[in-house]
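Protein chains: 2
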Amino acid sequence: MSGAAGRVLAISGGIGGAKLALGLYRTLAPDALTVVCNTGDDFTHLGLYVSPDVDTVLYTLAGLANREQGWGRAHETWTFMDALERLGGETWFRLGDGDLALHVERTRRLAAGETPGAIIDDIRRRLGVTARIVPMSDHRVRTLVHTPDSVLAFQEYFVKLRCEPAVQHFEFAGADAARLAPGVLAALADDALQAVVICPSNPFISIDPLLALPGVREALNACRAPVVAVSPVIGGQAVKGPTAKMMRELGLPVSAAGVAAHYRGLLDGFVLDDADAALAATLDVPCLVTRTLMRTNADKQALAREVLAFARALSG
Amino acid sequence: MSGAAGRVLAISGGIGGAKLALGLYRTLAPDALTVVCNTGDDFTHLGLYVSPDVDTVLYTLAGLANREQGWGRAHETWTFMDALERLGGETWFRLGDGDLALHVERTRRLAAGETPGAIIDDIRRRLGVTARIVPMSDHRVRTLVHTPDSVLAFQEYFVKLRCEPAVQHFEFAGADAARLAPGVLAALADDALQAVVICPSNPFISIDPLLALPGVREALNACRAPVVAVSPVIGGQAVKGPTAKMMRELGLPVSAAGVAAHYRGLLDGFVLDDADAALAATLDVPCLVTRTLMRTNADKQALAREVLAFARALSG
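Heads up: the sequence lines are chains A and B, in that order. Count along the first sequence from 1, add 22, and you get the number used in my numbering. Count along the second sequence from 1, add 22, and you get the number used in my numbering.
Watch out, some of these pointers could steer you wrong.
One copy or two, it doesn't matter: identical chains are merged, so the pair holds either way.
Pairs of lysine to any residue residues, derived as SDA-like cross-links and limited to a Cα-Cα distance of at most 25 Å, are as follows [to be verified]: (1) K182 to L272; (2) K267 to L336; (3) K182 to R148; (4) K182 to A134; (5) K262 to S337.
Hints were generated in silico from the structure; no laboratory data involved. Just so you know, these numbers come straight off a predicted model, no measurement behind them.
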């Protein structure tokens, strides 16, 4: 068998997940990768439908991402936001001028009756991306943040309030009635599938929304290819974002072991950083200990190669 | 009586009309001017509600207009259009990044139930404009262009086809059922009204849509203040745009006299350029012959002062 020729399904949120998705994209055959993206963060802002994780993956694979900022596009301009501020519009969620094109075009096409999946599939092709990018569902699933005082819409919690309120639990409104995006179940059942990679994204807000969709856990368990997760927590800290803070608030151990525990029953393998090597022996799942911090594109590809080799070993 | 202290109602389309509106704005007391703008050109593009003539007047009075281009904003960037092109979106109608803020914000506020008039009144205040800017109606009126081959939506004719098809006549769909914007009838009946100025805009596509609204002609006839029009045609040519071409196609004399004839029964005075002095004697309406070409702001204010003095003389 040729592992490199097999297909890979990656499950990703935004920044951290997109980094490994890029590593996989550059490592695999051009059409071998499918990235299923969280849409629980999607929201309508200024009348425009915004899908942050899908867009981060799109921009990252298309080579358009702003790597310093971690979101949005490189070589961006901000004339729209400046003008909007003068008009008294809402400016707490920053939309760059080029980024806006995607939101306007997606909103227009949604209103014309196209599905989120069909729209992004057309757009990624236009941008020359040969990997498939799949919003987890064409149905609306909204991540809600339950805090001691209120229930917050995700972007209000995440951007407007900068994750300051303590989290009690997350709710994925609409998940029960939503269906997984077309083709994903088939991809999971595909004999050519080499690995399912849960990218180093926030487990609670980037991966759990997908896992909350009906049939997903069952399909992952039934999948013949190994399911491998990469820890977004290194040395007890999140590489970026509020993962560690959330784990504390949710009463979980703030460590890669806490991440592994969260995914219990789902994984065939777990990847954690050299810094957490001592934890590997404590886990009841096969582990790969390696450098998981991705700064350069070479880092991303190196980690992707290691994860794929690990998956091959698990299925061997 | 103090003419300068009286109120002035200007009726305007886009570029040419906005120039005289600016002259009037700078000449009159800060709150003395109301500009009623054509909305027959309004259309929904990329899912956004665009109101070109209202916006040109707004940007002009706010000092934000791109004077070289004649539309849009100065210091504009075009990142949105460039990005949209790569996504396969429609790019025939150019929307600058800063301009886009107005369209997005207006569209959002319309969807939230505000009227076009209330939205622009709030926005012009935020931009420091002390003149009132009034979309001619809060109801939708759509200028349609009848050609030998088809009936075209206005912007398709005007921008996409660059006014190339020959015009047979214009239709103002929805005008019969539309109502003039709130406050305009009261402004016309106001004893403090000093003049109604029909700006040098295209009579057929910028002024006629307003005249097609129920009760407008009657209100102009009943108005105690003089109604004065400034010719957009000088020496048989339009200063800008397709006015002359339309007059030819409509079988009208391509001259200031043709414009006066088009407004017959409506005017108390007519303003035409020095170049057309010979025509004045042939018209059955009192005329002011002066320099009507406006290149500089000084030109705009000079013409405004002359038009106001002319109106005072007519009512004296």
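> 25 Å Cα cut-off: does K267 pair with L336 within a copy, between copies, both or neither?
Replying inline: neither (32 Å within a copy, 76 Å between copies)
>> Checking an output row: K182 and L272, CA cutoff 25 Å. Within, between, both or neither?
In response: Only inside one copy: K182 and L272 sit 21 Å apart there, 57 Å across copies, limit 25 Å.
> Which holds for K262 with S337 at a C-alpha limit of 25 Å: within a copy, between copies, both or neither?
Replying inline: neither (31 Å within a copy, 73 Å between copies)
>> Treating 25 Å as the Cα threshold, decide for K182 and R148: within, between, both or neither.
In response: Between copies, since 24 Å is at most 25 Å while 33 Å is not.
>> If the cut is 25 Å between Cα atoms, do K182 and A134 qualify within a copy, between copies, both or neither?
In response: Between copies, since 21 Å is at most 25 Å while 30 Å is not.
In summary, the numbered hints that this structure violates are 2 and 5.
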